[in-house]
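There are 2 protein chains.
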Amino acid sequence: MTGADPGPDDTRPQARRRPGGRTARVRRQVLDAVRAELGEHGYDGLTTDAVAARAGVHRTTVYRRWGDVGGLLADVLDAAFDDDWQPPDTGSLEGDLSALNEEIYAALTTQPPVMAALIAASFRSEKAARAQQRLWEDRYARCEVVVSRAVRRGELPAHTDARHLLVAATAPLYHQLVLLRTAPDPHLPGRAARTAALAAAAGAFAESPSARDA
Amino acid sequence: MTGADPGPDDTRPQARRRPGGRTARVRRQVLDAVRAELGEHGYDGLTTDAVAARAGVHRTTVYRRWGDVGGLLADVLDAAFDDDWQPPDTGSLEGDLSALNEEIYAALTTQPPVMAALIAASFRSEKAARAQQRLWEDRYARCEVVVSRAVRRGELPAHTDARHLLVAATAPLYHQLVLLRTAPDPHLPGRAARTAALAAAAGAFAESPSARDA
Chain F
1008 MTGADPGPDD TRPQARRRPG GRTARVRRQV LDAVRAELGE HGYDGLTTDA
1058 VAARAGVHRT TVYRRWGDVG GLLADVLDAA FDDDWQPPDT GSLEGDLSAL
1108 NEEIYAALTT QPPVMAALIA ASFRSEKAAR AQQRLWEDRY ARCEVVVSRA
1158 VRRGELPAHT DARHLLVAAT APLYHQLVLL RTAPDPHLPG RAARTAALAA
1208 AAGAFAESPS ARDA
Chain G
1008 MTGADPGPDD TRPQARRRPG GRTARVRRQV LDAVRAELGE HGYDGLTTDA
1058 VAARAGVHRT TVYRRWGDVG GLLADVLDAA FDDDWQPPDT GSLEGDLSAL
1108 NEEIYAALTT QPPVMAALIA ASFRSEKAAR AQQRLWEDRY ARCEVVVSRA
1158 VRRGELPAHT DARHLLVAAT APLYHQLVLL RTAPDPHLPG RAARTAALAA
1208 AAGAFAESPS ARDA
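Taken in order, these protein sequences are the chains called F and G.
In case it helps, this note's numbering puts the first sequence at residues 1008 to 1221.
In case it helps, this note's numbering puts the second sequence at residues 1008 to 1221.
Bear in mind the hints are in silico, worked out from the structure with no lab data behind them.
By construction, the Cβ of each residue, glycine as well, lies at the ideal position given by its N, Cα and C atoms.
The hints are all genuine.
Have a look at the derived ranges for each label pair, beta carbon to beta carbon: (1) G:GLY1161 / F:ARG1035: 57 to 65 Å; (2) F:ALA1213 / G:ARG1188: 20 to 28 Å; (3) F:PRO1095 / G:PRO1193: 27 to 35 Å; (4) G:GLU1214 / F:TRP1092: 33 to 41 Å; (5) G:ASP1039 / F:ALA1087: 40 to 48 Å; (6) G:GLY1161 / F:ASP1091: 49 to 57 Å; (7) G:GLN1118 / F:GLN1093: 37 to 45 Å; (8) F:ASP1090 / G:GLY1210: 36 to 44 Å; (9) F:GLY1063 / G:GLY1210: 50 to 58 Å; (10) G:HIS1166 / F:ALA1213: 27 to 35 Å; (11) F:ALA1148 / G:GLU1110: 27 to 35 Å; (12) G:GLU1214 / F:ARG1029: 52 to 60 Å; (13) F:ARG1141 / G:GLN1118: 19 to 27 Å.
These stretches of chain G come out as covered by chain F in the derived footprint (C-beta under 8 Å, 3 or more residues): (14) 1183 to 1191; (15) 1194 to 1202.
Please work from the sequences and hints to get the whole structure.
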């Protein structure tokens, strides 16, 4: 999609001018500008010209490299792949899910609402939708260690469907804050975590034929 | 919002010409046209002119009564209040939640994707967003009887938070089909119902101080 993008880690000093360091720096400036514009004005106020102006780069640079607003949004989401985020490790399944949900809750309720605006943008731009899908896939995959740790501790049966458990634990946050648009409720992260942990302990996510066909 | 709308139930035969029967008939024709246009073309293809043409009414009628696309979408959602929908009554909590989820699943995966398009539109139009919120509030309120029946049958403790239980049971469907955009999975409705029922039986939604502060 924005296939010409280098990773942001190409920092060879002798290549600062181009294409490594400078390209990576321009990317950071532009993506920071996209997040800022999106947080302040939402999708409707987001233009390649405004992003270029805010980033201090020429508009043709933005146009050639990212194409359009959808390409900019997709690259903001793709850039999240480069981080080393890992889910919290608190020593218990409910603790891990609760800490994870607190992070999601903070991201969905913070101001300016960059994450909420990115999700909203995924209903406007096919490129952003696909990038949002890739990012969620990456995040849920990284979170599967929460379930394997709980299995190792003996909290859960060996054949527990990690993805279904993680979706059950996190879905109420997205549903209430993004779709139902209910007022933020600080009990929500812990409650959703506890619900999923109780269901998991009761065998809701056990990968047995009887469970799968239930 | 579209406060001049009469209910659709004014069908006095002697007033067919105006304003009762004819007004209600025009509303039905226009809202049917909105659903059809939305299902075929999505929000971006929805215009008051196309709706007027499809409904066979004059464009100024649409403009005067609904104002804009947001007003049309809001009235489609508001019209759902007038039905007599009730949640399924199967004799068990898990059965009721499963049947409810099957209805939601069907609505979210049917073609043309009118419900998905209405949800997407709620990220474009503030009027549609508020109407979608009102409709969900109405639907979740109607569904609370599922929980009170389970309490009466002794399946759940008397002080069970119906709304939290219902959100937990239904959220994975919206999360997977609307936000994560995963491929439809026919096991999803039953699995999410079973998860919520198991968590409920384990006391996840009990309204006690210890549960609320968890």
